[in-house]
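Participant: Using the hints provided, position chains P and D relative to the given structure of chain G.
Protein chains in written order, with our numbering: chain G, 1 to 525; chain P, 1 to 325; chain D, 1 to 323.
These aren't lab readings, by the way, just hints derived from the structure by calculation. Don't be surprised by glycine CBs; every beta carbon is placed ideally from N, CA and C. Misleading hints may appear alongside valid ones.
[Said to hold, decoys possible] Label pairs and their in silico Cβ distance ranges: (1) P:W175 to D:Y215: 43 to 51 Å; (2) P:L161 to G:D137: 30 to 38 Å; (3) D:R226 to G:D280: 55 to 63 Å; (4) G:D286 to D:T227: 43 to 51 Å; (5) G:G238 to P:Q52: 28 to 36 Å; (6) G:G238 to D:L243: 16 to 24 Å; (7) D:K213 to P:T177: 54 to 62 Å; (8) D:N212 to G:D370: 54 to 62 Å; (9) G:L263 to D:D70: 35 to 43 Å; (10) P:L106 to G:A252: 37 to 45 Å; (11) P:R7 to D:T227: 26 to 34 Å.
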Amino acid sequence: MKLRIMTLAAAVAAAMLTAPVEAKTFRYAFQGDLNALDPYTLNETFTLGALGNVMEGLTKRDKDLKIIPGLAERWEIAEPTRWRFYLRKGVKFHNGEDFTADDVVFSAERALSPESNIKSRIAAGTKVVKVDDHTVDFVTTAPNPILHYEWDTWYIFSKKWSEANGATKVQTSSSQLSPFTLKANGTGPFIVESHQPGVKTVFKPNPNWWGKPEHNLTEVIFQTIKSDATRVAALLSGEIDMMDPVPVQDIARIKANAGTDVLTGPELRTIFLNMDSLRDELLYSDVKGKNPFKDARVRKAFYQAIDMEAIHSRVMRGNSANSALLISPLLFSRAAEFKRHPYDPDAAKKLLAEAGYPNGFAVEMDCPNDRYVNDEAICQAVVAMLARIGIKAKLNAMPKAKYFEKAGATQKYDSSFNLLGWTPGSFDSHNVLLNITGCRDDKGAGAFNYGGYCNPKVDELAKLVLVETDTAKRDDLIAQAFRIVHEEAGIIPLHQQALNWGVSKKVKIVQRADNQILFYWVQKE
Amino acid sequence: MLAFTIRRLLEAAVVMLTVALLAFVLFRFVGDPINQMVGQDTSIAEREELRQRLGLNDPVLVQFGRFIWNAARYDFGISYQVKRPVTSLIAERFPATFELALTAALFAVLLGIPMGVYTGIHRDSWLSKLFLSVSLVGISLPTFLIGILLIYVFAVQLGVLPSFGRGEVVRIGGWTTGLLTASGLKALILPAITLGLFQMTLVTRLVRSQMLEVLRTDYIKFARARGLSDRAVNFGHALKNTLIPVITIIGLQLGAIIAFAIITETVFQWPGMGLMFIQAVQNADIPVMSAYLLLVAFLFVLINLIVDLLYVWIDPRVRIYGREA
Amino acid sequence: MSSEEQGLPALEVPPSTRAAPRGLPARFFDSDLWYSFRSSRLVVLAGIVTLLMVGAALLAPLIAPHDPYDLRALNLMDSDLPPAWVQGGDPRFLLGTDDQGRDILSTILYGTRSSIAISVLAVLLAIGIGVSLGLVAGYFGGIADTIIMRIADVKLTFPAILVALLINGIAQTLFRGRLGGAEFWILVLSIGLSFWVQYARTVRGMTLVEKNKEYVQAARLIGMSRTAIMFKHVLPNVLSPVLVIGTINLALAIITEATLSFLGVGLPPTEPSLGTMIQIGNKYLFSGSWWMVAFPGVTLAVLVLAVNLLGDWLRDALNPKLR
Numbered sequence: 001m002k003l004r005i006m007t008l009a010a011a012v013a014a015a016m017l018t019a020p021v022e023a024k025t026f027r028y029a030f031q032g033d034l035n036a037l038d039p040y041t042l043n044e045t046f047t048l049g050a051l052g053n054v055m056e057g058l059t060k061r062d063k064d065l066k067i068i069p070g071l072a073e074r075w076e077i078a079e080p081t082r083w084r085f086y087l088r089k090g091v092k093f094h095n096g097e098d099f100t101a102d103d104v105v106f107s108a109e110r111a112l113s114p115e116s117n118i119k120s121r122i123a124a125g126t127k128v129v130k131v132d133d134h135t136v137d138f139v140t141t142a143p144n145p146i147l148h149y150e151w152d153t154w155y156i157f158s159k160k161w162s163e164a165n166g167a168t169k170v171q172t173s174s175s176q177l178s179p180f181t182l183k184a185n186g187t188g189p190f191i192v193e194s195h196q197p198g199v200k201t202v203f204k205p206n207p208n209w210w211g212k213p214e215h216n217l218t219e220v221i222f223q224t225i226k227s228d229a230t231r232v233a234a235l236l237s238g239e240i241d242m243m244d245p246v247p248v249q250d251i252a253r254i255k256a257n258a259g260t261d262v263l264t265g266p267e268l269r270t271i272f273l274n275m276d277s278l279r280d281e282l283l284y285s286d287v288k289g290k291n292p293f294k295d296a297r298v299r300k301a302f303y304q305a306i307d308m309e310a311i312h313s314r315v316m317r318g319n320s321a322n323s324a325l326l327i328s329p330l331l332f333s334r335a336a337e338f339k340r341h342p343y344d345p346d347a348a349k350k351l352l353a354e355a356g357y358p359n360g361f362a363v364e365m366d367c368p369n370d371r372y373v374n375d376e377a378i379c380q381a382v383v384a385m386l387a388r389i390g391i392k393a394k395l396n397a398m399p400k401a402k403y404f405e406k407a408g409a410t411q412k413y414d415s416s417f418n419l420l421g422w423t424p425g426s427f428d429s430h431n432v433l434l435n436i437t438g439c440r441d442d443k444g445a446g447a448f449n450y451g452g453y454c455n456p457k458v459d460e461l462a463k464l465v466l467v468e469t470d471t472a473k474r475d476d477l478i479a480q481a482f483r484i485v486h487e488e489a490g491i492i493p494l495h496q497q498a499l500n501w502g503v504s505k506k507v508k509i510v511q512r513a514d515n516q517i518l519f520y521w522v523q524k525e
Numbered sequence: 001m002l003a004f005t006i007r008r009l010l011e012a013a014v015v016m017l018t019v020a021l022l023a024f025v026l027f028r029f030v031g032d033p034i035n036q037m038v039g040q041d042t043s044i045a046e047r048e049e050l051r052q053r054l055g056l057n058d059p060v061l062v063q064f065g066r067f068i069w070n071a072a073r074y075d076f077g078i079s080y081q082v083k084r085p086v087t088s089l090i091a092e093r094f095p096a097t098f099e100l101a102l103t104a105a106l107f108a109v110l111l112g113i114p115m116g117v118y119t120g121i122h123r124d125s126w127l128s129k130l131f132l133s134v135s136l137v138g139i140s141l142p143t144f145l146i147g148i149l150l151i152y153v154f155a156v157q158l159g160v161l162p163s164f165g166r167g168e169v170v171r172i173g174g175w176t177t178g179l180l181t182a183s184g185l186k187a188l189i190l191p192a193i194t195l196g197l198f199q200m201t202l203v204t205r206l207v208r209s210q211m212l213e214v215l216r217t218d219y220i221k222f223a224r225a226r227g228l229s230d231r232a233v234n235f236g237h238a239l240k241n242t243l244i245p246v247i248t249i250i251g252l253q254l255g256a257i258i259a260f261a262i263i264t265e266t267v268f269q270w271p272g273m274g275l276m277f278i279q280a281v282q283n284a285d286i287p288v289m290s291a292y293l294l295l296v297a298f299l300f301v302l303i304n305l306i307v308d309l310l311y312v313w314i315d316p317r318v319r320i321y322g323r324e325a
Numbered sequence: 001m002s003s004e005e006q007g008l009p010a011l012e013v014p015p016s017t018r019a020a021p022r023g024l025p026a027r028f029f030d031s032d033l034w035y036s037f038r039s040s041r042l043v044v045l046a047g048i049v050t051l052l053m054v055g056a057a058l059l060a061p062l063i064a065p066h067d068p069y070d071l072r073a074l075n076l077m078d079s080d081l082p083p084a085w086v087q088g089g090d091p092r093f094l095l096g097t098d099d100q101g102r103d104i105l106s107t108i109l110y111g112t113r114s115s116i117a118i119s120v121l122a123v124l125l126a127i128g129i130g131v132s133l134g135l136v137a138g139y140f141g142g143i144a145d146t147i148i149m150r151i152a153d154v155k156l157t158f159p160a161i162l163v164a165l166l167i168n169g170i171a172q173t174l175f176r177g178r179l180g181g182a183e184f185w186i187l188v189l190s191i192g193l194s195f196w197v198q199y200a201r202t203v204r205g206m207t208l209v210e211k212n213k214e215y216v217q218a219a220r221l222i223g224m225s226r227t228a229i230m231f232k233h234v235l236p237n238v239l240s241p242v243l244v245i246g247t248i249n250l251a252l253a254i255i256t257e258a259t260l261s262f263l264g265v266g267l268p269p270t271e272p273s274l275g276t277m278i279q280i281g282n283k284y285l286f287s288g289s290w291w292m293v294a295f296p297g298v299t300l301a302v303l304v305l306a307v308n309l310l311g312d313w314l315r316d317a318l319n320p321k322l323r
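Just chain G, same shape as in the assembly:
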């Protein structure tokens, strides 16, 4: 007890020396919930971002998303299939335990366990070998140039703590939250003080963090605010310091307000339109006996009928970047080579006539109305633009729970024309070539190819991309694949939406393009 008081006194003294005494509480709000504090349960940006303040991976990404050392000080490729990671020494978990190679091996097993939602972090068949207490080898079945690309969000668990707290198994998506998921034990700069899922989470700085803190906070409070208007109001009235996302139409209002501003930046998610080009007859159309979307001219007509400039300036109010590709230009070095097919309703009409539909046809469009920025408004605009080339598109806007059920695999892609958004989790084009443009098979390829677009040539290129280690050659293969999709308008890319964070002028915060909210970089006045 006495010792405790003395440490406390020492800590207080230290705090008084290093930081100003006044409390600096950073309050932020997001539209979604933070549920389990087990980062292996839900592979989702916001959850991983919030926990990234508390737990750490072998690698980290810096303010520009460049990969930097995290819990591993450095690494090398010993052989093409053997990577060696040298772990940081002297790192302690929040509960005081030392961080060692055992924790990495344990975390790899945990990440690959059946209940894990982040299995994709470590390629199947990879062996994790402890060399000594601070060295770990990763042995892969084939050369893998992007082995560690997603490791900044593969957070390391403490083996001992997990065993003591019944956390060796991943919290499953279907079972009750175990007590351990209401707390978290990481190595990161913040400690979870209290957690009320779906309502409020309180963080306190970790005084024993191995790095040098770049924040000046004494407390962080996270709250869920679902309603857009309420979130905006809470920021305007100064009840919170930061919130995400800002509805694009409210940006001007928040900027005009004396104490608040909007941080805008490019986001990695690409929004695009899928046309069912797989079925022999469209499910929802007045064209019977054939599928107009099988004809590339029809798809291109749709492409050229959509005035992306208008959508950019009106629906998105300038907060989007029109895209010719299904991946953000930040993630593909040769993106600049691609230009959108120009907006040209007359050419579109001509293409339709050539394809045998001079008077257009009717089709239903499915669209989520609570998933992406102004998703429903984009769909409305698209439907109106298509009307001008004679396409009678009927819009079915629905909540995301219904939308993903209908247009996705659950109901066997029960949709003829729809809107989807995608961020490649690995920040790499192969993810897109596999999930979005890949022919659907029963092994999971093309699982998010909601239009069933399929070109074997693209798939072949994708296979080559996977094993090519030379960056220039690899990029060339990717470009070839994207070129095919682009030329035959297999999927219509629309834009990358922008990140819009509403912030109080009292705080300085780093906005990273992956939309993780990392408050270990926050400075508050």
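Facilitator: Relative to the frame of chain G, chains P and D by itself:
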């Protein structure tokens, strides 16, 4: 009396069972919970496995049977989204909704009754007309619009009241209350007005029409003839007689208020059961939805049952004819 | 939100509605009803406003400057324009435009039409179901009565909004994939089915009273069938409370439609009703585009207010105790 009670209890049980069935049918139409539970990269096979684990692939009847069996033991399973037992979620969220509903009801009564009395007595005064017109606005604007407008004026423009949440809460045993802190009380004002406005209108109008009726009865005319003062007649005799139906209605309304807190709680991010429900609907969180529906149904059935039994107790004739609306 | 059972103390049938058969117009203008209508300026105003709005809504295709449902005529570049008299306004769009470039004035006209149509049809549906079930329950009693009244209890356990959400969810799935405006009928169905109980209860109560009166007994004696008695004799006598509840329900139906739209299950945004317009405009309230929510909001409020005033007056006028 006993036979009647047993019959009504049985009927109440049937009602609850039907509600359970309806609640259950609803599940099948709100969408797919799986997509909201996993990250975007999760493979189809993993999703299918999860579906299997949740028992969503079982025959409908099996699922229904399991649901009823568990519900009868007050076990509604685990929320797909929040991943905690629904019963503890409800226990956690109930105080917020209850305090909001109670405050809204108080607001409705404390303003509604005086306004109703005044408009009943001074039928044709301009103030009465003003009261009635203002109270009509309460039922002429959708709740969500009233909430947004209040936020806009009092939180954003004037900055005097918070726009969301419950403020600081104090925990007393299993109950959390916002009534003991200044920020908690402030946070309560806007949502309570939003929720109570509609009820206030109802109370005002109900009291007024009851007053109008009572004031015409011979008994009041007689009281006046006896030379009692207006004040004594109005408040001593008339108001007393109008209060019984008013109290009954307000009792019945408390259930309705709790149910209609859904919209108010959504607008104000009030961490109560209504917000929990609407989020559950958006995420197809079946266990939470069904539990909420059953709970609301239970409240209504309970209140109805009590009212019915009270009526019988007061007026034995009802035993023969049944309760009239 | 639910006015069920409240504010409507048991209504007695006023003698005026049982007047001797005479020419209908004459009977109407002679009646106490007409007298009490004329005697309140507020009610007259409400009547005029209601008539005007219903008329404008009916004639929407003729008087609206634009056709907001014609997607080809929409131009995204016209979106978010303020009313014509405000700086930056466009004379083509008197009340401004919404986020898709639809003319607010025209959309209000069309939207009011949808809102009124949905509400009227929903209330008629509720009356149809409620009155029939109420008559059957009251007249036949016994098992039929128990079943119907317990169904009513089940329904009452769910507030109108929840019932509407439930029916909406089911209907959306059933009608999924039909080209054409299923949403309209889904709304009618969901609102209608959530309002019938009040009629059933009222009609049942009155039927219980009526069926023991001499004239029904007499009709039975001369051998009229039960159905004939029910519809020819009992029904006309229970209609005036139904009319009153109907008017008040009409106002409630309009609000319910708006609320359902707010919750995202209303008419599609390509064919907006007043509720959908408010829901869309609500998103732009903070951004300064007040006209998107203000005009439809005011229209809705005025419409509901007028209908409510008429309902009030009907109730007072038809309730002999208050005369």
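Participant: Now tell me, hint by hint, if it's right for this structure.
Facilitator: Consistency of the hints with the structure:
For the hinted restraint 43 to 51 Å between W175 (chain P) and Y215 (chain D), the CB-CB distance of approximately 59 Å leaves it violated. For the pair L161 (chain P) and D137 (chain G), the beta carbons lie near 60 Å from each other, so the given range of 30 to 38 Å is not met. At about 58 Å, the CB distance of R226 (chain D) to D280 (chain G) agrees with the hint of 55 to 63 Å. Taking 43 to 51 Å as the suggested C-beta distance range, the pair D286 (chain G) and T227 (chain D) conforms, at roughly 46 Å.
Against the hinted window of 28 to 36 Å, the Cβ-Cβ separation of G238 (chain G) and Q52 (chain P) comes to about 48 Å, which falls outside the hint. A C-beta distance of roughly 52 Å is found between G238 (chain G) and L243 (chain D), which places it outside the suggested range of 16 to 24 Å. K213 (chain D) and T177 (chain P) have their C-beta atoms about 56 Å apart, which keeps the hinted 54 to 62 Å range intact. A beta carbon spacing of about 56 Å between N212 (chain D) and D370 (chain G) agrees with the range 54 to 62 Å that was offered as a hint.
Taking the beta carbon of each, L263 (chain G) and D70 (chain D) are about 40 Å apart, inside 35 to 43 Å as hinted. As the Cβ distance of L106 (chain P) to A252 (chain G) is approximately 40 Å, the hint placing it in 37 to 45 Å holds. The hint said 26 to 34 Å for the Cβ distance between R7 (chain P) and T227 (chain D), and at roughly 29 Å that hint holds.
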